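Enquirer: Make the complex out of the two chains shown on their own, each in a separate frame, by following the hints.
Chains as they are written, first to last, in my numbering: chain A, 1 to 368; chain B, 1 to 367.
To be clear, the hints were calculated from the coordinates, so they are not data collected in a lab. Note that the structure is predicted; figures quoted are calculated from it, not measured. Note that the Cβ used here is the ideal one computed from N, Cα and C, for glycine as well. The reader is advised that the hints may include incorrect statements.
[What the hints assert, rightly or not] Beyond 12 Å from chain A on every Cβ pair, some chain B residues (computed):
hint: 1; residue: Y24
hint: 2; residue: P88
hint: 3; residue: F93
[As the list claims (entries may be wrong)] Listed next, the in silico DSS-like pairs over lysine-lysine satisfying Cα-Cα at most 27 Å (straight line):
hint: 4; chain 1: B; residue 1: K341; chain 2: A; residue 2: K179
hint: 5; chain 1: A; residue 1: K270; chain 2: A; residue 2: K281
hint: 6; chain 1: B; residue 1: K213; chain 2: B; residue 2: K7
hint: 7; chain 1: B; residue 1: K27; chain 2: B; residue 2: K157
hint: 8; chain 1: B; residue 1: K333; chain 2: A; residue 2: K179
hint: 9; chain 1: B; residue 1: K54; chain 2: B; residue 2: K106
hint: 10; chain 1: B; residue 1: K181; chain 2: B; residue 2: K157
hint: 11; chain 1: B; residue 1: K181; chain 2: A; residue 2: K324
hint: 12; chain 1: B; residue 1: K341; chain 2: B; residue 2: K326
hint: 13; chain 1: B; residue 1: K331; chain 2: A; residue 2: K324
hint: 14; chain 1: A; residue 1: K281; chain 2: A; residue 2: K264
hint: 15; chain 1: B; residue 1: K331; chain 2: A; residue 2: K179
hint: 16; chain 1: A; residue 1: K283; chain 2: B; residue 2: K326
hint: 17; chain 1: B; residue 1: K27; chain 2: B; residue 2: K54
hint: 18; chain 1: B; residue 1: K20; chain 2: B; residue 2: K213
hint: 19; chain 1: A; residue 1: K16; chain 2: A; residue 2: K70
hint: 20; chain 1: B; residue 1: K341; chain 2: A; residue 2: K26
hint: 21; chain 1: A; residue 1: K324; chain 2: A; residue 2: K281
hint: 22; chain 1: A; residue 1: K116; chain 2: B; residue 2: K326
hint: 23; chain 1: B; residue 1: K54; chain 2: B; residue 2: K157
hint: 24; chain 1: A; residue 1: K26; chain 2: A; residue 2: K179
hint: 25; chain 1: B; residue 1: K182; chain 2: A; residue 2: K324
hint: 26; chain 1: B; residue 1: K182; chain 2: B; residue 2: K157
hint: 27; chain 1: B; residue 1: K171; chain 2: B; residue 2: K181
hint: 28; chain 1: B; residue 1: K171; chain 2: B; residue 2: K7
hint: 29; chain 1: B; residue 1: K181; chain 2: A; residue 2: K179
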Amino acid sequence: MASVELRNVWKIYGGKVQAVIDACWKCNNGEFFSILGPSGCGKSSTLRMVAGLEEITRGEILFDDVVVNKMPPSQRNIAMVFENWALYPNLTVYENIAFPLRVRNLPEKEIDRRVKSAAEFLGLENVLQMGVRRLSGGEMQRVSIGRAIVREPQVLIMDEPISHLDAGLRARMRDELKKQVERLGVTTLYITHDQVESMAMADRIAIMNLGRIQQVGTPLDIYYNPANEFVAGFIGEPPMNFTAAELLQEGDDFVIVSPSFRFKLDDICKSNFLQYRGNPKLKLGVRPEDVCVSLAPLPNCFELPVDFVEPQGDRTIISLQLDKDQTFLAQVLGNLRPSIGQMVYVRFDQRHIHFFDIDSGENIFYNR
Amino acid sequence: MASVELKNLAKRFGSVAALKNVSYTIKDGEFFVLLGASGAGKSTTINVISGLEKPDEGSVFLDDNDITDSFPQNRDLATAFESYALYPHFTVFENLMFPLESPERKRTMSRAEREQRVREVAEMLAIGELLQRYPRELSGGQRQRVALGRTLVRRPKAYLLDEPIAHLDAKLRHRMRSELKKIQQGLGITTLYATPDQLEALSMGDTVAVLNKGVVEQIGAPDEIYYYPANLYVASFVGDPPMNVFPIDYHGDYAIIECDTPYRVPICPNDQAMLAEKMGGCQLKIGIRPVDIRLVPPDDPRAHTRGEVVLIDTLGQTSIVTVRLKTEEIKAKISSDLIPKLHSSIGLEMNNERFYFFDAATTQRIG
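Bound conformation, chain B alone (with noise of 0.2 Å):
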């Protein structure tokens, strides 16, 4: 075990900044999530850390040894990829066992010891069953559970995994995601995860680290992400549907909502203390997460604004009703009970108490 730490990382493609002046500290035994939509540098940073590519700048410490320069076999790191490489004429069995037969490792665990720990791996990924199979037997799922099985059945210094059971469907990736979390925890062995979802980054890590275009976002815990996000971009990326943003005029204890048919909405008194301390005077946005937003009659007294209901996503439950004033849309995440007629009338009521504000030059929150 170890701790991994990325001192000013920059990298380039060309004329594309793949990673920019990138720092942080994945902690020794912590599950540390690295989140970003496609082309944010998730793979990039797996790889310079695995060696595989040369960083432009910037150092790699694998606790406080550098190892920007030794070669990938030399750091003690176990990698797995979205795209997986089995060998073909090998059973499951056979490529899971792979990564034990190395002189070195036959040296150290017996072939009981060995066997066990394919076992044991093969379980919590639930191939168990398919261990005497060949990988073009097996389902994309099932094949990215070898591959990830291979990686697992390593005790390295540390877990570089990157988007490891993207291939999953739904019900499997949730289960999978659980047994991952439980596996790290139980080896206590340093793990970096990419992920471009949003769900799995708050479920699973430790520390999330939310990556945009190669540059690092905001780092922090999962509730911090959530709660606090530092900017625009991460309030945006992290929730699900996306936190509804206009920009606002501020009055105080009121504040009207620039759209195509501006409304009102009141400021509750924390928030006024806070602006009054923190804006400065500065273009305000507001963001409103589609769980704070209520339906009510459009001639409710509560109403802060009025629309018709265009779309309504049943998801069970809960449902997404997106309602357009004009020509903008907002979205608010309600209970199934509720649901409105699609192309009716309807109003929304903001809950004051949940309202987060933004500084519309830099994007970055204020509060």
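Chain A extracted, bound-state conformation (with noise of 0.2 Å):
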């Protein structure tokens, strides 16, 4: 097992597309290090040089501290696993397995062991012999992580392995992904464009827009603590809502303001423009989990149309009505049905709502 670190690294095609931008974050050894972005990001460009079969056009990778920028792919040491899982299909699941092995000519008694080692670790003991097309969705994936693994990688990198699956069997996958690479303790650089799956899986993710890294952190600190507008409507579904909006001071209280709404900040929020000197026009994120919806009065409330309702069993999502061309979405509990059209009284929870330059989308407070 290694780390993986990349320091400044760029990749340029053909002198001028810029794939990656300047790109610097440490995968630790051991860790579920995911890149997620949407695509086109960069992402499947920053795998191919981690796994020498790109050049990199500028700045360092490095495993365990030793740059690799020369090294050649064959002795990275460096395992995929592949949407597809790329199974042989007239191979039983150990030939399948052995092949990586085969290919290094290693010998029959070593194979036999580490094929063996490993389909005992995945749970396949029983299914060697068995024919790779006659196994479950699930199986075929544990293959696919079994041929990886027998090699004993120092990096284990799997590119949209799931991504292809309904969501029921999806959901399943992720969990068992999660489970085998857990145990096998491997670093595991896991590239994905589906934010549900880099939350629920990653120890740290690095979310990529453009070529650049836009932030790297646990999955509920990117959450809780976007670094900038893109991160926050990338990451969280029914994703965040965003609206043009004004602070103004009023004696000594600090109020938003828009078109559709204000509302006066609470003294946490207060305090952290007490300091602001920026411009006081700014946009507003608010999540719609922090958006409250009432058919009452609340305190600090204003009232908006419901444009749509949306049951999802256990919550509604709540479609608010800000203008013309704007909409709020709120996600309430599941006994909450306002009809379309009606009135309702919002207010927003301010500890998540979040504060976003208006020009250049950065969090206003970010880190802080």
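Expert: Spelled out as structure tokens, the structure:
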């Protein structure tokens, strides 16, 4: 096992397309580290550079503090698990797992030992002689992990290994995969565009957009303390609400005003703003779960009409009409079901509201 | 607009029965969701209603007219499929315009009206900016919206939508869900919507039919499906993560949950009365939704059982915690403020006001 570190890594294609811009992060030894971002964000280029399949334009990649820029892929001892699991359909489970060892011409005895130990570890002992075509999805996934780990790799790279599955199966595979990786304790880089997978599985996440690392942190750190508007909007489902608003001082009070609402900042929020000298025009970000909706007036609330109601069992998503073009989503308990057009009382949970710079999108109070 | 009625439909493909004696009515103007895993028979249902597939048995009625044998083009239904076949040499605008170019529509709608319709639909589906592009220049999600738009520009007796937003990313899917529902409510056109996603079904449907291997397991309003599932299949399919289900040994005011480490849970008086009346001596299974389980310290007197935390899935404000007893696992959905330590020992307190009971033999819910 090894740590993986990127120091100011760039990937520029054809001298002009900047796929990865100045990436810096370190995945610790044994860590489950996820690289998350929309398509085209540079996550695949990053993983290809780590694996040695792609030249590094600028910067350094280190395994266990040793620069590997010039090391050929075969010597990096990285195992990869892909989206389609890429098993050999006409080989048995045993031969699929043994394949990377046969390629390396290991002695038969050693191959047998390693395959059996991987199979035991992954609970595949009983299907070793079966063809892979007869396996369930979960078993196929374990075979592909088995094939990756028999090589005793320093780093395991998983590239969207479960993105293509149905929702129910995906949730089960996610659990299974996470348990296996945790037991293995191998350093794992997990590449995905699905924030739910990263949040649920990773020890830490590096979020990328347009080639740049946006934030590196634990799932809850990123969720509660997003560095900027992109991260705030990318993480969380349903997504965070954003709207332009203005900070006004009225006597001792600070109020947030938009054409559709106004509310007074409580003491904690206010204390943040006491030192603030920036643009009073801001972007307010509130997660749907932090929008409280009530049929009776609440302190410091305002009224909005209901645009749409989505019952979802134990929760209800309510879309509130801010103005002609903007809606705000609220996530409330399943027993609250206002009707469309009804006026409801709304208040934000100020412990979790965010303010972003209207131009740069940076979180004004990031890491405070 | 029209009602759609299916009467005793059956359809086999070789040895596989895709639909087994399916009957229900989709009311005029209703948003009717067909919910089921892949292979449940959703697409077959849509193909039979649209006329692409002939049923082996049974009939399809549109209002009161038997259309089982009429040609697809005479049924006045508009279908959107999961796989989208767009005309590659047409722009998005031309693709959307295409269904409105028939001689009949040209007679009843002016050019300006038709263009107006296309623009409205494109706006609703957030593809208004893409009208001059070609399909090859679009992402999968954009193409799927164009395909859906080509259906929605029409004003048929009913829409048949087969997983029409399956290929969109999570954020867009959420937005499209409410847009689609609004469009449908605005137009009042009867809609059959097939999906494997229980969240879509609960949030969009006026009525939901849960389909499993060609059989309708339950038909009802979303709340009925969630709060009063007819049987174990529906109970486990609807709700995320799925309900925890275990066999129990029932003793009146308490029950022993039979798993690798049996434990005792109190049964509330309402359930006792209900079971006394209805269970009739059958073997029982208990269902407990993850939201109805609380985590408490392992030595807390409120703990009904205890185990090891083996998995923590952070979803944001809520997290799913998997607790292993010996080999069996229980999932609880909790606030992320209360996340326990991985591999720590933890107690579980079940909310016995929210238990579900099932007949172990028939899998039907009792109550």
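Enquirer: With reference to the structure, classify each hint as holding or not holding.
Expert: Tested hints:
Every CB of chain A lies more than 12 Å from the CB of B/Y24, the least distance being 21 Å, so the non-interface label holds. Listed as a non-interface residue, B/P88 keeps its Cβ farther than 12 Å from every Cβ of chain A; the least gap is roughly 22 Å. Every C-beta of chain A lies more than 12 Å from that of B/F93, the closest at about 23 Å, which supports listing it as non-interface. Taken as a hint, the B/K341 and A/K179 pair is honoured in the structure, with Cα atoms around 15 Å apart against an allowance of 27 Å.
Between A/K270 and A/K281, the direct Cα distance comes to roughly 16 Å. Compliance with the 27 Å bound is thereby established for this hinted pair. Between B/K213 and B/K7 the CA atoms are separated by roughly 18 Å; this keeps the pair inside 27 Å, and the hint holds. Between B/K27 and B/K157 the CA atoms are separated by roughly 12 Å; this keeps the pair inside 27 Å, and the hint holds. Proposed proximity of B/K333 and A/K179 is supported: the alpha carbons are some 18 Å apart, at most 27 Å.
Among the hinted pairs, B/K54 with B/K106 is inconsistent with the structure: their alpha-carbon atoms are about 31 Å apart, more than 27 Å. As the CA atoms of B/K181 and B/K157 are separated by approximately 17 Å, the hinted pair is consistent with the 27 Å bound. Among the hinted pairs, B/K181 with A/K324 is consistent with the structure: their alpha-carbon atoms are about 18 Å apart, no more than 27 Å. The hinted pair formed by B/K341 and B/K326 meets the criterion: a straight-line CA distance of about 18 Å does not exceed 27 Å.
With a CA separation close to 42 Å, the supplied pair B/K331 and A/K324 exceeds the 27 Å bound. Between A/K281 and A/K264 the alpha-carbon distance is near 16 Å, which keeps this suggested pair within the 27 Å criterion. At most 27 Å may separate the alpha-carbon atoms for a hinted pair to count; B/K331 and A/K179 meet this at roughly 14 Å. Restraint check for A/K283 and B/K326: not satisfied, since their Cα atoms lie roughly 50 Å apart, outside the 27 Å limit.
At most 27 Å may separate the alpha-carbon atoms for a hinted pair to count; B/K27 and B/K54 meet this at roughly 22 Å. Restraint check: the Cα-Cα separation between B/K20 and B/K213 comes to about 8 Å, which is no more than 27 Å; the hinted pair holds. For the hint linking A/K16 to A/K70, the alpha-carbon distance of about 23 Å falls within 27 Å, and the restraint holds. For the hint pairing B/K341 with A/K26, the CA-to-CA distance comes to about 24 Å; that is within 27 Å, so the pair holds.
Simply put, A/K324 and A/K281 have alpha-carbon atoms about 21 Å apart, close enough for the 27 Å limit, and the pair holds. Proposed proximity of A/K116 and B/K326 is supported: the alpha carbons are some 25 Å apart, at most 27 Å. Under the criterion of a C-alpha separation no larger than 27 Å, the hint pairing B/K54 with B/K157 is consistent with the structure, at around 20 Å. A C-alpha spacing of about 23 Å is found between A/K26 and A/K179, which places the hinted pair at or below 27 Å, so the restraint holds.
Restraint check for B/K182 and A/K324: the C-alpha separation of about 15 Å stays at or below 27 Å, so the hint holds. A distance of roughly 17 Å separates the Cα atoms of B/K182 and B/K157; the hinted pair therefore holds under the 27 Å criterion. For the suggested pair B/K171 and B/K181, the alpha carbons sit about 16 Å apart, so the restraint of at most 27 Å is met. Between B/K171 and B/K7 the alpha-carbon distance is near 38 Å, which puts this suggested pair outside the 27 Å criterion.
Simply put, B/K181 and A/K179 have alpha-carbon atoms about 39 Å apart, too far for the 27 Å limit, and the pair is violated.
The structure is inconsistent with the numbered hints 9, 13, 16, 28, 29, although it conforms to all the rest.
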